[in-house]
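Sequences are here, hints too, so could you generate the full structure?
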Amino acid sequence: MEKTASLAIKVPPARNLGTARTLIDIEHFDFSYGEKQAVFDINLTLDEKRVTAFIGPSGCGKTTLLRCLNRMNDLIDGTVINRGTIKINGIDINGPGVDAIELRKRIGMVFQKSNPFPKSIYENVIYGLRIQGESNKSRLDTTVEKSLRGAALWDEVKDRLHESGLGLSGGQMQRLCIARAIAVEPEIILMDEPCSALDPIATAKVEELIHELKKDYTIVIVTHSMQQAARCSDKTAFFYMGKLIEYDDTRTIFMSPANAQTEAYVSGRFG
Amino acid sequence: MPTPDANPFAPKPSRSRTVEKLIFGITRAATYFVLFCGLFVLGDIFIKGSRTVFQPEFPFINVPFLTEAPESLYVFEHEGKKMELGDRAFRVFREEQEAAARAAGLPVPQIKTESFVYSAGGIWPCIVGTVLLVAGSMSIALVLGVASAIYLNEYARDGKFVRFIRLSILNLAGVPSIVFGLFGFGMFVIFLDWNVSLLAGWFTLAFMVLPVVITASEESLKAVPKGFREGSLALGATKWQTIRKNVMPYALPGILTSSILGIARVAGETAPIMFTAAYVVRDKLPWEVEKISDFFFQGVMALPYHIYVVSSKIPQNEYTARVQYATAFVFLFIVAGIALTSILLRNRMRNLYKW
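Heads up: the protein sequence lines correspond to chains H and G, in order. No gaps in the numbering here: position 60 of the first sequence is 51 in the working numbering, and each next residue is one more. No gaps in the numbering here: position 300 of the second sequence is 971 in the working numbering, and each next residue is one more.
Source of the hints: derived by calculation from the structure; they are not laboratory data. Keep in mind the model is a prediction, meaning the values are calculated, not measured. We treat Cβ as the ideally placed atom computed from N, Cα and C, and that holds for glycine. This list has only true hints and no planted wrong ones.
Stretch by stretch, here's where chain H covers chain G in the computed footprint (C-beta under 8 Å, at least three residues):
(1) 901 to 907
(2) 910 to 923
Only pairs whose alpha carbons sit at most 30 Å apart, straight line, appear in this in silico DSS-like list of lysine-lysine:
(3) H:Lys78 with G:Lys910
(4) H:Lys96 with G:Lys893
(5) G:Lys916 with H:Lys110
(6) G:Lys831 with H:Lys27
(7) G:Lys916 with H:Lys128
(8) G:Lys893 with H:Lys104
(9) G:Lys897 with H:Lys104
(10) G:Lys916 with H:Lys104
(11) G:Lys719 with G:Lys753
(12) H:Lys96 with G:Lys916
(13) H:Lys110 with G:Lys893
(14) H:Lys128 with G:Lys910
(15) H:Lys104 with H:Lys78
(16) G:Lys910 with H:Lys104
(17) H:Lys104 with H:Lys27
(18) G:Lys910 with H:Lys96
(19) G:Lys893 with H:Lys27
See the structure below:
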């Protein structure tokens, strides 16, 4: 069984993960869109400053769960949390003392379809700060440089910061969105299939970037590419039909999964 | 097996070819017919109107027609010549004649005249009134319409109630304009006691175009990609910050485009203003008021209503026909002018907020 799996996916050598603090703690979490339940009884703990990948076939609830982490699903009419809690740093994010807007300031998000705003590169990066009322020019300048460097985009765009963000290539746009997310210095970055529309070279750049970002941020990435999960995540959660099937170190998931469904999925036999 | 030099692609007559040609001919004829009708109407107004609006000598445009108020026209014979004079000019002329006769010790001459109301002078108060009506009602319609569209599209939860509101708004678009006129008369003129006034006309016209503005604004808001909203919200923006900074600027060009249609409708409607805002004749111009508040509570003359009056409320003859055509001609130009201004504004915004 281990052989078939290793044939399908190249798994990098085991990484020494060390011990990490739990940052996000999901307990018995059920979630519905109106009548239709999308996520069933999820129990999952995500570590600080690690990359966790959510994998699974389309419609398995991985994106839904990701969007519950920064309460983006609040914006969809008729969504209900039927049961369970999501705690970040021990605080129930759906509890009465938590404001979704304050929460989203601390949790950045990168979307499947890169969505730079039709503004200059500069304005794109500082959008989050402008929203918070920051207008100190030198502080904004510093943030732009720092964020674009952080997103490995500075050298490519430093001479055209005031040109439209829509003039960039697909991969650059996605990195611009990452720069925009890290400009507000969140703790967690959620990535919803960030490379699904990118070519292999742009994908490689984003993955490299994820490795860099891991030093400072906790990253949760939803991906359809198992190679990507194998390459850039520390832990992998496999979802199927709204349920968490298996969650373990990425190496274990790909080399010796405990569950037969996981094994079938990672070796490409279904999904 | 065909011979090598037989051309398999040679055209062959067939039934479907004939049908194709026939259908093509019909669609083409229909288009040309519509074009012809449009050109005929416009051409008729243009030719007959330009006889009054333009003149052969300098300054080539009939300036008094554009800058004076309507007057009665007096037509009479004087020393064997046929004279046509407006009201004020005629009085001056008559006094001169009488004074000259008295000075010469002759009996005061009786000038036999025929008079035609509104056939002399110009249409300046109507132009002013129409521009004021359009500007005011479109401002009201845009503010109310965009606000409702934002509420319906961005804030309200989609449910039975919102669907009911949308349906009602769509139905409003089909209500005949005379019904809006009656509504405005009952609501604003009588119930709110605004009398026949600019304000009553503004609101009546605004309510008439609101369905168009709301529907179009909603469409424009929907056309702004979801990613703009989600991207902004995910950075911790409130809904209003998101709408103001990242949705409205990109929806505005579309909203303006649809408002241009609204402008043409507001400027052209006679029925809604005939009970609410329009006077047959008014000597004072709208800004000749004692208090600023009076500005809103005065009736105005308006081009469409003036056309209606000179075409149906007074005896018809060659003199009134001139005014009718010339007024229609100027009216077309003014509507086109207002629409053009909004198109230019729209294009500017489009370039500013391109996506």
